[in-house]
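Which chain is which? The protein sequence lines are A and B, in order. What the first sequence shows, in full-length UniProt numbering, is residues 1 to 537, in sequence order. What the second sequence shows, in full-length UniProt numbering, is residues 1 to 337, in sequence order.
FYI, nobody ran anything at the bench for these hints, they're computed from the structure. Do not rely on the hints blindly, as some may be mistaken.
Some, not all, of what chain B presents toward chain A, calculated at C-beta under 7 Å [as the list claims (entries may be wrong)]:
no., residue
1, P99
2, N102
3, G114
4, L317
5, L321
6, I322
Cβ-Cβ distance ranges computed for the label pairs, FRET-style [to be verified]:
no., chain 1, residue 1, chain 2, residue 2, range
7, A, G315, B, R94, 57 to 67 Å
8, B, N290, A, A215, 20 to 30 Å
9, B, L6, A, A365, 49 to 59 Å
Quick caveat: nothing in here was measured; it's all calculated off a predicted structure. No residue lacks a Cβ here, since even glycine has one placed at the ideal position from N, Cα and C.
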Amino acid sequence: MSAPTSVRPPDRTALLLTIAAVTSLLMLVSQHSEWLAALPAGLQNILGNSLVRSLVLTLFLANLLFAYRWRAQTWAKLLIGTVCLLLILPWAGRDNSAVFDLAIQIGIFAALSLGLNIVVGLAGLLDLGYIAFFAVGAYVWSIVGSGQLSKILTYYGANSGGAGTGSLLLGLLITLATAASLLWIRRQKGARTRLASFSFALAAFGLVAGLVLVARSIMVLAAPQAAALSSGINGNFFWLFLALAVLAAAIVGILIGLPVLRLKGDYLAIITLGLGEVIRVLANNLTLYTNGSQGITPIGSAPVPWLDAIAAQLGFSEDQYNLLFLYLLVLVLIGIIIMVNIRLDRSRIGRAWIAIREDEVAAQAMGVPLVRTKLIAFATGASFAGAMGMIFAAKQTFVSPESFILNESIGVLSMVILGGMGSIPGVILGAAVVTILKLSVLPSLGEITATLNLPQQVNPNQLQRLIFGTILVLMMLFRPEGLLPSRRQAMVLHEGEEDNAPSASSIGADSERDATAEPYSAGEATRKDDERTGGER
Amino acid sequence: MDVQALLSFLVGVVVSGLVLGFVYAIIALGYTMVYGVLQLINFAHSEVFITGAVVGFEVFRVLATAPINGYLKLIIALLSAMIISGLLNVLIERLAYRPLRNAPRLVPLITAIGVSLILQDLLRILEGFQGRFDLTYTLPQGFSNTFCGSTSSCAAFGSFLSGIGVQLQIKEVILVVVAVLMLALLNYIVNYTRMGRAIRAVAQDRVTAGLMGIDSNRMISLTFLIGGALGGVSGVLFGLKFGTINAYSGFDPGIVAFTAAVLGGIGSIPGAVLGGLVLGVIQNLIGVTNILGSLLGIANLQSIDASYQRIGAFILLVVILIVKPTGLLGRSNTEKV
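Could you put the whole structure together from the sequences, leaning on the hints where they help?
What follows is the structure, given as structure tokens:
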């Protein structure tokens with residue numbers, strides 16, 4: 001901590017390029033069965049080992065972290081970023097689809113944690129039901145993108161309940177009238193009387209009734225199309241529904257947020273937990289729409305002929321076209337989400353979120369509209385989750401309520417906390433670490449322990465709760481600012497601890513060391529941190 | 001519609017709901033006491049509670065063939081669950097909450113969630129080493145029988161009860177008796193002893209209590225000990241009532257009990273009991289909505305069954321917090337700036 005501020009870290013361009021080249025080569029070889037077979041037996045055994053493979057993959061991804069953290073020439077950083085993401089990774093994915101799978105999952109969870117980061121990290125609202133928005137996005141597409149839609153239409157055709165064109169018109173009329181009166185009541189100035197709030201509630205009910213009637217009539221009117229939709233809607237509608245999924249998740253976010261956002265911290269946490277569970281239970285019980293616990297499958301994806309043609313030229317097998325497409329889509333979406341995040345972080349609304357996080361009462365006194373600002377945070381976070389839910393559905397081609405349990409919400413939360421609440425690169429790192437741990441390292445450890453005759457109960461693959469719990473507790477106790485803290489958060493949390501050293505420089509040194517310390521095993525990294533903080537105090 | 005059948009059905013549902021409500025009440029006390037002194041939702045309490053249930057299971061299993069009275073076994077189970085759960089709760093407080101006493105409020109809440117997850121897996125692993133996951137209570141002879149045995153006056157009372165639709169089992173009577181005893185004991189400790197007064201003082205104002213010579217850390221530990229002990233007792237009673245538990249089954253009753261604590265007004269001890277009883281009845285009613293629907297001849301209700309029980313508690317929680325955030329018996333407190 002006593003390093004003078006003027007010393008800049010050395011330029012590491014050469015080191016960066018070397019590491020990138022070595023790890024890329026190692027990964028390509030380890031994932032390519034023919035190249036692996038050409039190696040001498042000893043090396044082949046080592047590289048073929050599933051644990052070594054996942055470690056190599058981890059190291060390869062760590063390149064991107066190094067490129068981000070180290071001081072190096074800008075061209076080298078950009079080169080490594082582009083080549084790794086657009087060339088090496090798809091290449092390895094062509095040889096082994098599991099790599100694609102993992103990369104897409106990392107992308108999905110990175111986007112989820114970026115969304116939750118807005119809610120928890122910036123606005124300070126602990127949301128324990130975040131995965132519900134992910135579920136909304138997933139179900140929006142899986143219902144229309146699969147045979148489920150035709151089942152629903154068949155049901156409505158058989159149980160029309162007299163609905164038809166007439167009720168459609170009636171529903172539209174009610175919807176328009178109630179919506180107009182809602183707006184009109186809102187615009188009335190003066191004291192809010194009991195009558196006004198009563199008629200507001202009445203109009204809101206009317207609006208819901210009108211919408212239900214419209215939806216029902218549309219279902220009934222569309223019922224004859226059931227046979228034509230037996231394998232879901234045309235894949236080209238994917239893009240329309242991507243927008244719809246984002247919108248639906250945001251609306252659900254607002255609907256959930258409206259009643260509960262007036263509550264403070266821990267009440268909010270438990271209510272969001274509850275509403276998350278409500279959505280899961282509904283998905284489990286509304287069998288007509290979601291097929292209950294059996295889940296919906298197969299779910300279609302968007303057809304992209306030109307990409308398929310390119311993929312065919314490059315030697316991808318046919319079942320990998322969709323993975324490649326989704327991989328690229330995730331990359332693009334992550335890029336957009338990061339941009340949105342950065343813009344929001346530095347905008348007026350971002351400052352309002354931080355003000356609310358730090359002190360709600362003071363923020364309100366300064367003129368920040370509490371509920372509206374919180375709702376925006378909720379809706380923004382939810383919309384990212386909605387988009388990712390849709391990609392998740394298209395990738396898995398199977399969706400069931402099991403994917404949206406409370407543990408998943410807590411998993412995303414632990415990604416945010418591990419990486420550093422409020423820090424964009426931090427939560428991406430956190431998502432990558434936890435996802436690799438969960439989907440690659442733990443299963444391969446599980447494979448190894450299976451041969452060791454350990455009891456099934458301590459199979460690392462089943463220890464997710466233990467690991468998430470440990471991450472949450474240790475991080476909160478010893479390094480609440482996360483692995484890659486945002487500057488502001490770290491300064492707040494370590495206020496008064498280091499009076500002598502200028503805090504900005506010490507934080508810089510801190511995170512620098514982190515990057516080099518290879519924080520890829522969560523447990524190990526936190527233990528090191530623990531010792532360090534112990535020494536400081 | 002058969003009014004008599006409906007009435008006796010409802011009475012039965014309400015009575016068994018009250019029995020369940022007593023279990024919720026004792027769990028809710030654990031939440032409410034901790035909240036009272038620390039303003040912290042102790043998420044880990046549901047695991048402290050299920051630890052008590054596991055301890056009870058182990059005691060009954062080990063003593064299954066021991067030639068002692070069933071009631072003695074029950075007392076041993078209750079006492080050991082109290083001790084272990086209480087100490088566990090103190091340990092959790094010492095390791096996970098005390099270092100964070102001055103951190104922002106979200107921080108200990110997140111550690112509480114973490115501790116809860118860790119305990120779930122530890123319990124599962126512990127039992128898993130012996131090849132068990134679902135733990136089924138081996139109850140002593142006579143515990144699972146219907147209400148009373150051969151005594152004639154008691155049998156008459158039993159037939160009266162079943163006449164009005166109440167199916168009580170002996171274990172449920174035990175459950176209510178134990179619960180009421182625990183509540184009375186807690187009421188005595190909190191309201192009529194020096195220790196209780198110290199706890200109340202710490203809950204009201206930790207700093208001033210410290211100035212009056214009260215060791216607030218000790219009182220907080222004590223609160224966790226009492227809350228944990230109550231959790232342990234309720235765990236054993238829960239196991240007694242439902243028969244089968246596993247390491248993960250603490251979550252549902254935990255959340256319902258927390259709802260009960262909020263419903264009654266969190267921080268208030270009589271509130272927690274009231275909330276528990278109300279929620280027990282409501283939950284039971286939701287669980288039988290489909291039967292009620294068929295008795296009343298309302299077809300639409302028939303798709304609502306026990307799987308909606310847990311979301312019933314959540315929706316109720318939302319409504320309470322919006323309409324009356326201080327709960328039924330809670331006092332409103334203005335925030336100090």
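Comparing the hints with the structure gives:
1. The beta carbon of B/P99 comes within 6 Å of a beta carbon in chain A, closer than 7 Å, and the hint placing it at the interface holds.
2. Violation of the interface hint for B/N102 is found here, the shortest Cβ-Cβ separation to chain A being roughly 11 Å, above the 7 Å cut-off.
3. A hinted interface residue such as B/G114 counts as satisfied when its beta carbon comes closer than 7 Å to some beta carbon of chain A; here the least separation is about 3 Å, so the hint holds.
4. Interface restraint check: B/L317 against chain A, minimum CB-CB distance 6 Å, threshold 7 Å, status holds.
5. Taking 7 Å as the C-beta cut-off, the interface hint given for B/L321 holds, the closest approach to chain A being about 6 Å.
6. A least Cβ separation of about 5 Å between B/I322 and chain A falls short of the 7 Å threshold, and the interface hint therefore holds.
7. A hinted range of 57 to 67 Å for the beta carbons of A/G315 and B/R94 is consistent with their spacing of about 60 Å.
8. The beta-carbon spacing between B/N290 and A/A215, approximately 26 Å, falls within the hinted interval of 20 to 30 Å.
9. For B/L6 paired with A/A365, a C-beta distance near 56 Å keeps the hint of 49 to 59 Å intact.
Checked against the numbered hints given earlier, this structure breaks only hint 2.
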